[in-house]
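Protein chains: 2
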Amino acid sequence: MCKRALQYPQVETPPPQPFLKSLKNTLNEILFADDPFGKIRNESKTSKKIELGLRHVFPILEWARGYNLDYLKSDVISGITIASLAIPQGISYAQLANLPPILGLYSSFVPPMVYAIMGSSKDLAVGTVAVASLLTAAMLGKEVSAVENPKLYLHLAFTSTFFAGLMQTCLGLLRLGFLVEILSHAAIIGFMAGAATVVCLQQLKGLLGLSHFTHSTDVVSVLRSIFSQSPVWRWESGLLGCCFLFFLLITKYISKKRPKLFWISAMAPLVSVIFGSLFVYFLHAQFHGIQIIGELKKGINPPSITHLVFTSPYVMLALKTGIITGVLALAEGIAVGRSFAMYKNYNIDGNKEMIAFGMMNIFGSFSSCYLTTGPFSRSAVNYNAGCKTAVSNVVMAVAVAVTLLFLTPLFFYTPLVVLSSIIIAAMLGLVDYEAAMNLWRLDKFDFFVCLSAFLGVVFGTIEIGLILSVGISVLRLLLFVGRPKIYVMGNIQNTEIYRNIEQYPQATTLSSIIILHIDGPIYFANSSYLRDRIGRWIDEEEEKLRKSEENSLQYIILDLSAVGNIDTSGIRMLEEVNKILGRRDLKLVIANPGAELMKKLSKSKFTETIGKDWIHLTVAEAVSACDFMLHTAKPDSPEKISREPEFNNV
Amino acid sequence: MCKRALQYPQVETPPPQPFLKSLKNTLNEILFADDPFGKIRNESKTSKKIELGLRHVFPILEWARGYNLDYLKSDVISGITIASLAIPQGISYAQLANLPPILGLYSSFVPPMVYAIMGSSKDLAVGTVAVASLLTAAMLGKEVSAVENPKLYLHLAFTSTFFAGLMQTCLGLLRLGFLVEILSHAAIIGFMAGAATVVCLQQLKGLLGLSHFTHSTDVVSVLRSIFSQSPVWRWESGLLGCCFLFFLLITKYISKKRPKLFWISAMAPLVSVIFGSLFVYFLHAQFHGIQIIGELKKGINPPSITHLVFTSPYVMLALKTGIITGVLALAEGIAVGRSFAMYKNYNIDGNKEMIAFGMMNIFGSFSSCYLTTGPFSRSAVNYNAGCKTAVSNVVMAVAVAVTLLFLTPLFFYTPLVVLSSIIIAAMLGLVDYEAAMNLWRLDKFDFFVCLSAFLGVVFGTIEIGLILSVGISVLRLLLFVGRPKIYVMGNIQNTEIYRNIEQYPQATTLSSIIILHIDGPIYFANSSYLRDRIGRWIDEEEEKLRKSEENSLQYIILDLSAVGNIDTSGIRMLEEVNKILGRRDLKLVIANPGAELMKKLSKSKFTETIGKDWIHLTVAEAVSACDFMLHTAKPDSPEKISREPEFNNV
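Sequence lines, in order, name chains B and F. Quick note: the first sequence uses full-length UniProt numbering, first residue 1, plus one each step. Quick note: the second sequence uses full-length UniProt numbering, first residue 1, plus one each step.
Careful: at least some of the hints might be erroneous.
[What the hints assert, rightly or not] Below, a list of computed lysine to aspartate or glutamate pairs in the EDC-like style, where the Cα atoms sit at most 20 Å apart: (1) LYS21/B <-> GLU502/F; (2) LYS544/B <-> ASP585/B; (3) LYS252/F <-> GLU434/F; (4) LYS344/F <-> GLU62/F; (5) LYS344/F <-> GLU434/B; (6) LYS39/F <-> ASP539/B; (7) LYS485/F <-> GLU181/B; (8) LYS352/F <-> GLU181/F; (9) LYS579/B <-> ASP349/F; (10) LYS612/B <-> GLU576/B; (11) LYS352/B <-> ASP532/F; (12) LYS603/F <-> GLU434/B; (13) LYS485/B <-> ASP35/F; (14) LYS344/F <-> GLU575/B; (15) LYS256/F <-> GLU434/F; (16) LYS24/B <-> GLU502/F; (17) LYS39/B <-> GLU543/F; (18) LYS45/F <-> GLU62/F; (19) LYS344/B <-> ASP585/F; (20) LYS444/F <-> GLU596/B; (21) LYS444/B <-> GLU29/F; (22) LYS444/F <-> ASP585/B; (23) LYS49/F <-> ASP35/F.
Because the hints were derived from the structure by calculation, they are not lab data.
Next up, chain B with everything else stripped away, as it sits in the complex (with noise of 0.2 Å):
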């Protein structure tokens, strides 16, 4: 029917496979595209199995063996400083949390020996986070008051904390980790920028020590409620919060110009502590209107598991704020852990940490901790001290513990508004701003999402603005999917080679046949727009022709190689394409589907209806074919198709 350029080989429909293998294939690269068992099953023999399942499941077997009195040093040298981070950070979360502040220091004690035992980062510094803390007390806050209630307060936030652990270990069991994946970057950048001035917002309340305070978290209810109280502002309190501020900020300054003094900025935070509950202990500011944190407990962690509440009204609430609040940990702490494992060259199974992350919060939630993941700020502190593996996290687990078996009594003078400006601080390093202008330079949408969500978090509600910025980042997934670019492509001179004439605007179009590229897959969602804008590049390169008076249109060449896959619709849309296109005496051309394209094609018949030998391997080819035909026969006439319709299902 056409010449075949002998050179080529004609496109291959790739061997059925068996139904259940091809799911297994499928399933298997959605769910394990890692292949995280690969080394157990190359394996022969039973017991190393075993063994290699056990180093799988605790880490901690695989590196211990190697362990040695350098990296003790090192380790004890970093989680010494991760501590002193670690103790006023804890009380100060734990306030914004609305819960006791001795449970910032709980927190610091199980979840890391857990995390030490089943974590596979070298680096990671286990403790609790600032927006996780304040979504949890804007979340629970709602239904129960943490003045009027703290009990059960209290109890909601470990019930909400083992739901977190629970369903982390839940995603990481079922391999489900590529959910967390639905935070972009961008969403993440904006996301926290606005959590951080919300934190920053709340922070005004021990800054200016007041005692009431909205529970909203928005930025018009928070200044609503400062300034409505300006009469009870306690200026000490605000100035000696500005100093400590002042001093903290210059430190961070110092360290980010030198990296070498890392620990300066590190220190200042316990430094600032000493120095606060100092001044206060000497001058007695306690009656000044500066607050205190007052008596802490002695001794660690107290069994909690008993003060679960499966059975209070409360219970889809406390659900609700461990889902969210527990999703939102994962994704700081997995983030954190492959950004460290990248600069160190290893490699973080995200699966096999969320399994660990939701066990150290299982564990956390039957011992009086709340919510704890891998922040941010503790780890980059952690790596820049050098430390070699989890054993930092254990060094400061037992510093922490030493603090509350003995040290507690010392914060009793330490002033609230310290612990602010060390929340201040260390929000201020969240708001990047850089990053957001260059996510404007590179990615339109991207800052889009960035801002839609800051500005959802920062006018709405932290829920908002998480629901704000997923959606529209999926949307723009759908969009991707729904509105397929579709180009003309010409023919790069003196080459076989055809491209987008728009990109490369010395390529030349030829005469009677438009070439268009379609530049995604063909699905429902795209089908009939996909349909109509073949219809429209086709009428407006007739009118074209027509006006030029050039020869008329007669071949359409579909180039495919970018169509990843094809539903039903798509499939029904090409037929619907080649029949108005046979109506309109054109006639349809292939070039380069994939396998997965042939394989549909073929057993719908496409492949039979226009005919095997209008599909071509590549575009050349198919423009060769049609040259051929052009030149030296008329077109077949396309196949008659019965205009009636079968209709009688009335």
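Could you slot chain F onto chain B? The hints should help.
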């Protein structure tokens, strides 16, 4: 730095576009893909512009000028044919919606007139549909009983029709018609089959002469309700129903076998009604367990604009019902309009159709009609009867008006069981078993979508079925983006072509070079997957080379031909991959990035990071450049990368 094959030009970065212009282009492509105003824009004279604009809004101005007597003859015949179907069907469906039967006739009077003026389909016949009727009953009935509070129920039905019309008009005006495409072909097949099953089950009430019935629509509740009432089943009613059902199915079968005899099945419902009524009248069957319609009011549609309730506490219910039934009605109407337009080879603008549907429902809600659309069965009869223009709708409306004015008393003795038979006969055609089997053969995932829609409707509610099928369909789109295929490419012998080695087993791979093709966009949702997967391909390749003691791997060529777009997470991923490869002494080479990609890669300086000389127009060129380096020189040592990250925001 490396040999450039002279015949190939460089990969081009398209010239930068001002932000607003590119935004405008994007929005145009999303919302005005079919360029509806192209003609008007190209016209220079203002008067002509206005004329074209009016014709655009009211297609009747377009086709009325060419209208002639031949057309009228055809339209009158088809109009009367569809009226004979519309009257019994209208009464039946109104009963299905728990509304007074007369509403079914009202709804075949005003809306077809509006559609005749504004609609652009020549074949669509306007009327009520079974599924939307049942859905109205199910949704409104959940909160307001049609038996206990018929007036409120009726007013809510009008209000929800108004909201449906408003939503349809807005979707059309905002050119958001593509949102309807979220219902895939597969979802509609399953959904329709499920709805038809449910509707048939509901008819058992009429068939068995029951007076009490469950409000649920799921198969379990309905069967339980029926069998719990087995003592009060009326065999007379059942027998009569089965006879008529048999008659209707036989006529359908005849029309299916001989499309010329379409009028047999079209007339059958009216014939059944007449015979049924005569039967009851002469045998006084109403005293022997046969329920009858009873009195119908005479006269055409009374106004109902004052009955719309916007202040009632149920307004949200009406809104929700309106939106869901409105979307369903749109999906059916537009699909039907498009199918027939395709057969007669004319174009339909989906957005314009939505406005027409919307206006007809708004005017309908003002004149005692409930939700109408373009039902498939009625339109198919219209088409088969040879309609030429929308005048057939006007003829039908006039015939219905005559009935309303003079003939309603004739329906007094019409047995309900005949209406049930008519509905069942119509519904059985909607269960498209063959189409479902075809889905299974072509695309398992589509079959799964279809099946879940079916099971959701049959065992849950209609809404559950809808949500399930839409949810799963969207999940599939996300999965496509989340898990793009990556495959290894090989050279097809004696050519410069590289293709998937799984599809073309004869393609040969190269030593020292691995060519990976990414089959989809690079977005946040897949960037960690792609990073892991690329890593695994390289690991496996290195393992293989080590075993066979061949040359070690040196170059990774990424073929980006099919990567339609990239976001900032994707760019970060490429940067990370480049760094990781650099540490392993491997060189990353890029082949054929598209316009969008080149724009972003050069803005982000990635092109400079990997070196412009390592970005090639084709895979073949990339391979020849790598080959040249392999045979003449050692590759450049990968750029020195600082291993000291700058993390200081502690």
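Results for each hint:
Between the alpha carbons of LYS21/B and GLU502/F the distance comes to roughly 16 Å, so the proposed pair stays at or under 20 Å and holds. Between the alpha carbons of LYS544/B and ASP585/B the distance comes to roughly 18 Å, so the proposed pair stays at or under 20 Å and holds. Taken as a hint, the LYS252/F and GLU434/F pair is honoured in the structure, with Cα atoms around 18 Å apart against an allowance of 20 Å. For the suggested pair LYS344/F and GLU62/F, the alpha carbons sit about 17 Å apart, so the restraint of at most 20 Å is met.
This hinted pair does not check out: LYS344/F and GLU434/B have alpha carbons roughly 58 Å apart, beyond 20 Å. At roughly 12 Å between alpha-carbon atoms, LYS39/F and ASP539/B fall within 20 Å of each other, so this suggested pair holds. Note on LYS485/F and GLU181/B: the hinted pairing holds, with a Cα-Cα distance of about 18 Å set against a maximum of 20 Å. A threshold of 20 Å between alpha carbons decides the hint, and for LYS352/F with GLU181/F the separation of about 15 Å falls inside it, so the pair holds.
Among the hinted pairs, LYS579/B with ASP349/F is consistent with the structure: their alpha-carbon atoms are about 19 Å apart, no more than 20 Å. At roughly 18 Å between alpha-carbon atoms, LYS612/B and GLU576/B fall within 20 Å of each other, so this suggested pair holds. Our distance criterion of 20 Å between C-alpha atoms is met by LYS352/B and ASP532/F, whose separation comes to about 14 Å. A hinted pair counts as satisfied when its Cα atoms are at most 20 Å apart, and LYS603/F with GLU434/B qualifies at roughly 15 Å.
A threshold of 20 Å between alpha carbons decides the hint, and for LYS485/B with ASP35/F the separation of about 16 Å falls inside it, so the pair holds. Straight-line distance between C-alpha atoms of LYS344/F and GLU575/B comes to about 16 Å, which keeps the hinted pair within the 20 Å bound. Between the alpha carbons of LYS256/F and GLU434/F the distance comes to roughly 16 Å, so the proposed pair stays at or under 20 Å and holds. Between the alpha carbons of LYS24/B and GLU502/F the distance comes to roughly 17 Å, so the proposed pair stays at or under 20 Å and holds.
Annotation: proposed proximity of LYS39/B to GLU543/F holds, straight-line Cα distance about 12 Å (limit 20 Å). With a CA separation close to 19 Å, the supplied pair LYS45/F and GLU62/F stays within the 20 Å bound. A C-alpha spacing of about 16 Å is found between LYS344/B and ASP585/F, which places the hinted pair at or below 20 Å, so the restraint holds. The suggested pairing of LYS444/F with GLU596/B holds, with an alpha-carbon distance near 13 Å, which does not exceed 20 Å.
With a CA separation close to 17 Å, the supplied pair LYS444/B and GLU29/F stays within the 20 Å bound. Taking the CA atoms of LYS444/F and ASP585/B, the gap is near 35 Å; set against the 20 Å cutoff, the hint is violated. Between LYS49/F and ASP35/F the CA atoms are separated by roughly 16 Å; this keeps the pair inside 20 Å, and the hint holds.
Of the hints listed earlier, those the structure fails to meet are numbers 5, 22, in rising order.
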